[in-house]
Amino acid sequence: LHRRPSYRPPPDNEEIKETKTSPSQETDDPQKYRLILEPALVGAMIAINLGQTSLQNFYLQTACTVDLGVDLEVCLKGDMEAESQVVVSGVNVSRSFIGSLISTIILLFVGPWSDCSGRRKPLLILPLIGMSVMTTGVILMLIFPGASTVQVLYAVQLPISLGGNFGLLLAAAFSHIGDLCFATGRDVTRTMGTHRAAVQIAHVLGAVGGPLLYRTFGFFGVFPLVLFLQVSSLIYVIVAVKDVNVNRDNKVSVCNWKLPFNAVYCLVKPREGRKRTIIFLMLVVTLGDRMLLSAEVLIAYMYYRYKFHWSDVMFGSYLAYKNIVSFIGTLLILSILKRRLRLSDETVGMLSCASYILATSGLIAATMTWCVFM
Numbered sequence: 001l002h003r004r005p006s007y008r009p010p011p012d013n014e015e016i017k018e019t020k021t022s023p024s025q026e027t028d029d030p031q032k033y034r035l036i037l038e039p040a041l042v043g044a045m046i047a048i049n050l051g052q053t054s055l056q057n058f059y060l061q062t063a064c065t066v067d068l069g070v071d072l073e074v075c076l077k078g079d080m081e082a083e084s085q086v087v088v089s090g091v092n093v094s095r096s097f098i099g100s101l102i103s104t105i106i107l108l109f110v111g112p113w114s115d116c117s118g119r120r121k122p123l124l125i126l127p128l129i130g131m132s133v134m135t136t137g138v139i140l141m142l143i144f145p146g147a148s149t150v151q152v153l154y155a156v157q158l159p160i161s162l163g164g165n166f167g168l169l170l171a172a173a174f175s176h177i178g179d180l181c182f183a184t185g186r187d188v189t190r191t192m193g194t195h196r197a198a199v200q201i202a203h204v205l206g207a208v209g210g211p212l213l214y215r216t217f218g219f220f221g222v223f224p225l226v227l228f229l230q231v232s233s234l235i236y237v238i239v240a241v242k243d244v245n246v247n248r249d250n251k252v253s254v255c256n257w258k259l260p261f262n263a264v265y266c267l268v269k270p271r272e273g274r275k276r277t278i279i280f281l282m283l284v285v286t287l288g289d290r291m292l293l294s295a296e297v298l299i300a301y302m303y304y305r306y307k308f309h310w311s312d313v314m315f316g317s318y319l320a321y322k323n324i325v326s327f328i329g330t331l332l333i334l335s336i337l338k339r340r341l342r343l344s345d346e347t348v349g350m351l352s353c354a355s356y357i358l359a360t361s362g363l364i365a366a367t368m369t370w371c372v373f374m
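Mapping to UniProt numbering: the sequence shown position 94 is 94, numbers consecutive.
I should point out that these hints are in silico values taken from the structure, not numbers from a laboratory. Glycine included, every Cβ here is placed at the ideal spot set by N, Cα and C. It cannot be assumed that every hint is accurate.
[Stated by the list, open to error] Per label pair, the in silico range of CB-to-CB distance:
| hint | residue 1 | residue 2 | range |
| --- | --- | --- | --- |
| 1 | P122 | V285 | 26 to 34 Å |
| 2 | I235 | I364 | 39 to 47 Å |
| 3 | M374 | L142 | 36 to 44 Å |
Please construct the entire structure, taking both the sequences and the accompanying hints into account.
Here it is, written out as structure tokens:
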């Protein structure tokens, strides 16, 4: 008789799941630095800032040569600067309103849908497609000139608004980072800080490099590079980014008309204490901040050209200086006001708003270049 081997019952499914470890889990350290969305955000931010002053120059040149019918050489000398700015500013009012309205409607649908489904990747792809289409349109209008200022401005605005604008890209990026950190155990603060630092550095590089490229190579040296960066960022997102918190049971369509109403209800519904009032005040502050940002993008370059006779290189240097000072200020706020003095978020926000109001008032009253930099 042979001895029968002792019988061991198979482990439960839960035990199997706990003991079975994938190769990636064995080798991955959640705190080890790895690229997530830095390449896409850096590429998109450099592209935006590379083309910012060149776009403004293109608007002014179009207004001068097409709408006013002035010779190109006269326009390049700046003799028709004031008249060209009047034409561009007149179109900018309606263009910015319609563009903001379109992007807001897009956000009211895709934002709640993304929260329901857990899918962030489509929201990363959509703005990059809009930016790429916009830059392609600019290149085509440069190759085949003759479009009026209205046609040029709307050809630039509509694709990027239908893509949700750069704000959608940032919102989707940080939502994806939060999902990934929660799923893998990464440190959220450090990961977010790394991406914000990358965006800030890219902003400076684009602001400095854009005017220099335009001075050296002209429009066709700037916009093909902008398109290359945008397409590269799009390819990176498509290939390298994967959603980590997908709700497979979600049956809500992105075109569901209830999504905007649910989003509005979630915003205004009663909450404990003063939370709803705080949310409303944050909306007011955000609205003011977006208005100032839009003004900086749309008319700041023309304002400084007209009042202080700045060149595009000078304006790019100012933007780089402004972002460096802003980055240093953020570090000081985190180290002194938050860690040392332990002030609340509300107090820090109030001080930031007061600082912003003071800076904007000083900018309005400034009469010399050094006052702007102060």
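Each hint, compared with the structure:
1. P122 - V285: 26 to 34 Å: With Cβ atoms ~29 Å apart, the hint holds.
2. I235 - I364: 39 to 47 Å: At 43 Å between Cβs, range holds.
3. M374 - L142: 36 to 44 Å: 38 Å, holds
In summary, this structure violates none of the numbered hints.
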